[in-house]
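S.K.: Each chain, letter by letter, is given below.
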Amino acid sequence: MENSNKYNRRYFLDNGLKFGLAALIGGIGLSKLASKLYGKTNTNSGDKMELMTTDGTIIEVDASEVIDVSHSKDEEIKYNLREGMPNRKFVMVIDLAKCKNALKCQDACNKHHYITGEHAWLKVYKMQEEADTAPYWMPTTCMHCDHPACVTVCPVDATFKRRDGLVLIDNERCIGCRFCMAACPYSTRVFNWKEPDYGESSEIVMHMNMAHEPHNSIEFTGMPSKIGTVDKCDFCPHAIKENELPHCVTACPNGVFYFGDKYEDTVTNGDETLRLSKLLRDKSGYRLMEGLGTKPSVFYLPPVNRLVDFKDGLDDFRNFNSVEKIN
Amino acid sequence: MEVSQKLIDDLAPKKFGRKGVIWTISLIIISIAGIIAYIDQVIKGQVVTNMNDYALWGIYISNFVFFVATSFVGAVTVAVLRLTNNSWRTPVVRIAEIISLASIIMAGLTIMIDMGRPDRLLYLFIHGRMQSPIIWDVIIIPTYIVICFLLLYFPLLPDLAILKNHFSKTNPKLSKWYGKLSLNWTGSEQQKKIQIKSIHIIAILIIPAGFILQTVDAWLFSTLFRVGWDSTNLGAYFISGASVAGVGALVTVVYVIRRTNKLEEYITDYHFDKLGKFLVLTCLIYLYFNINEYVIPEFTSKKEEISHLNHLYSGQYAPLFWFVIIGGLIIPVIVLLFKKGRKPLPMFYVGLLVVIGSWWKRFLIVTPTLLQPFLPIQGVPESWHHYFPSFHEWIITFATLAMALLIITFLVRYLPVIPIQRTADEQEETEISKSKISKTVKP
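Going line by line, the protein sequences match chains C and P.
Per our numbering, residue 243 is the first one in the first sequence, and the count goes up by one each step.
Per our numbering, residue 81 is the first one in the second sequence, and the count goes up by one each step.
No lab work stands behind these hints: they were computed from the structure.
Fair warning: there could be bad hints in the mix.
[To be verified] No more than 27 Å apart at the CA atoms, straight line, and that leaves these computed lysine-lysine pairs for BS3-like:
(1) K124(P) - K368(C)
(2) K368(C) - K553(C)
(3) K368(C) - K277(P)
(4) K436(C) - K244(P)
(5) K124(P) - K353(C)
(6) K124(P) - K468(C)
(7) K383(P) - K537(C)
Pulled out of the complex, with its shape left as it was, chain C reads as follows (with noise of 0.2 Å):
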């Protein structure tokens, strides 16, 4: 008895509000469709325009029917800053076998990116795995990882991976508490402990440069460096935008670095333009520190059938020191 009557209190609120719910969807559709109706007899203009349709055929239509069609701005609209430059996935290739340490790279990143700390963003490091293989030159930049650990720990997305692969940081966000700089294996952050002090004459160049430039923009990332705030490399973002390659790239005379999209599979270092996945397999291309499961957007392709002595390298090599002073 008491079952029955629960089964049938059930059975009424369940039908009941399926009724209830499929009666307002139903209402609104109705009462839509009935302005819609309304709406068109009542702006009937009466106006006729003759318009020709794409099989040639002329046709003759109401003039209220008329509606601009929008044209497409999907590049400047989506261009999102935090989002990236869509359809694109930007990534890098280092050849060491090229490399000897002639630091055009990380000379170019530090003037470009007016580093005045003690730390350059890009580095080049003497590497020796062991005492019985050979020694060679890596350069370094950010690996811009597609799994970064940098910002899994971020505690307020002032470090944030776009859809370009890009990692950068928002230093008007940012709040110094280094837990990024920590979380990174690659060592590639660097730290603003002072004001950035970019010198008199440089500052005026800076200016000169950068009048034309959004100040502060993340598409600036890190530029102009802001005390107590984190910077890297950024991939050189504002070059990119403007279908110019990274410093870095640029900048080295041996063509060591290669950069480009791996959507379009092709990278290139200024001199040539190579297919990114024949370049990594015939090569043997590997990436940094894989067992962490960072998965960077830099490869790099092994130290083998070098054209150059690594000891040509030894007299730039400076252990101490990775950014000219400003005097």
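Assemble the complex: chain C is given as a structure, and chain P must be docked to it using the hints.
M.R.: Frame of chain C, contents of chain P only:
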């Protein structure tokens, strides 16, 4: 249930003597010096510290971890001893609660000192992202502060009412304050019922909260790739380490308060003996986790692990490492295993050693790992290969420690450090049971 006048006279807070005043003033001076140094740091930037892009965290962080660890004492002594029905805790719980509250408040403050942009503090709330362990800390620390405060406050209510009456003639102003804070405590059955229930809830709540706090603190490190931090052991390691730091601090503070407030009658050798055993237990558990951290990786001998361990065993931090392990853990265990070692005075020195060891232990958890990155340290000034705190860092750190002691000092000055009502109740209980025994023995 009546509280004897002697008990109140003994346990009511008293004015400081000359030593107390000098102590308080020195703490205030150190605190002010630290505040000045901090303002200087805010103006000039963290360039005034010796931190760098490799040693990117320094003693601000290790000091923070120390405060967080010490604040665990409330959870351990109050809650755990309460749940396990260890009645010897009565005279020391309030001191533990006071240490907890002071430490966790200072932990909240010290973490801000490390921020590069303290002006953007509110961004943590405006733009906070749940996936970051820092946000977990932002949530748990205020929660723990509230719980610690309530755990101190609820049991205080009857005592505050007693103090209100006690000071009504000698110090009406103070008496008025006690009256307000006692929330009209009359000691009625209903009030007692509510109070006991609340305390019980808070005492249970502080256990998970304390565990979460310590674990989140460990996860600040173990969620990162760095060698020495990237360990599943770290949560339990931090919890056990926190017990050591907390109980060590408790022993030290209890000894000092016992002497200054002349509480020898209430905090006896018996209590120190129990505290000593408790400290040994925590030290042994911590030693176990230390073996996990520092010895077991030797077996697989991963390249990075080994260079990290060698850095500690025989590198630039070796003297500190061995001091912390031997002085901060092994010697206390040995001393406390003997009954003579658990007398008040040796306990005080052991406690002090444990606290100092615990502080440096945090330094060793933070710094050497940062100086062992995956890629070699190159292209940076020679000084970046090492880290030792700068003058600013020391002054600011000492100031935070002084402020914690200042909070403890003020609370000790104005609160009864030993629960008056509870002690009275317990005395009555023991007398009843004694008389029962004597009655049964008579015939």
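S.K.: Give a verdict on every hint.
M.R.: For each hint, the structure was consulted:
1. For a cut-off of 27 Å, the pair hint linking K124(P) to K368(C) is broken: about 34 Å separates their Cα positions.
2. Between K368(C) and K553(C), the direct Cα distance comes to roughly 11 Å. Compliance with the 27 Å bound is thereby established for this hinted pair.
3. Between the alpha carbons of K368(C) and K277(P) the distance comes to roughly 66 Å, so the proposed pair goes past 27 Å and is violated.
4. Our distance criterion of 27 Å between C-alpha atoms is broken by K436(C) and K244(P), whose separation comes to about 53 Å.
5. Distance check on the hinted pair: K124(P) and K353(C) sit about 25 Å apart at the alpha-carbon level, within 27 Å; holds.
6. Restraint check for K124(P) and K468(C): the C-alpha separation of about 13 Å stays at or below 27 Å, so the hint holds.
7. In summary, the hint linking K383(P) to K537(C) is supported, as the alpha carbons are separated by about 22 Å, within the 27 Å threshold.
The structure does not agree with the numbered hints 1, 3, 4 stated previously, though it agrees with the rest.
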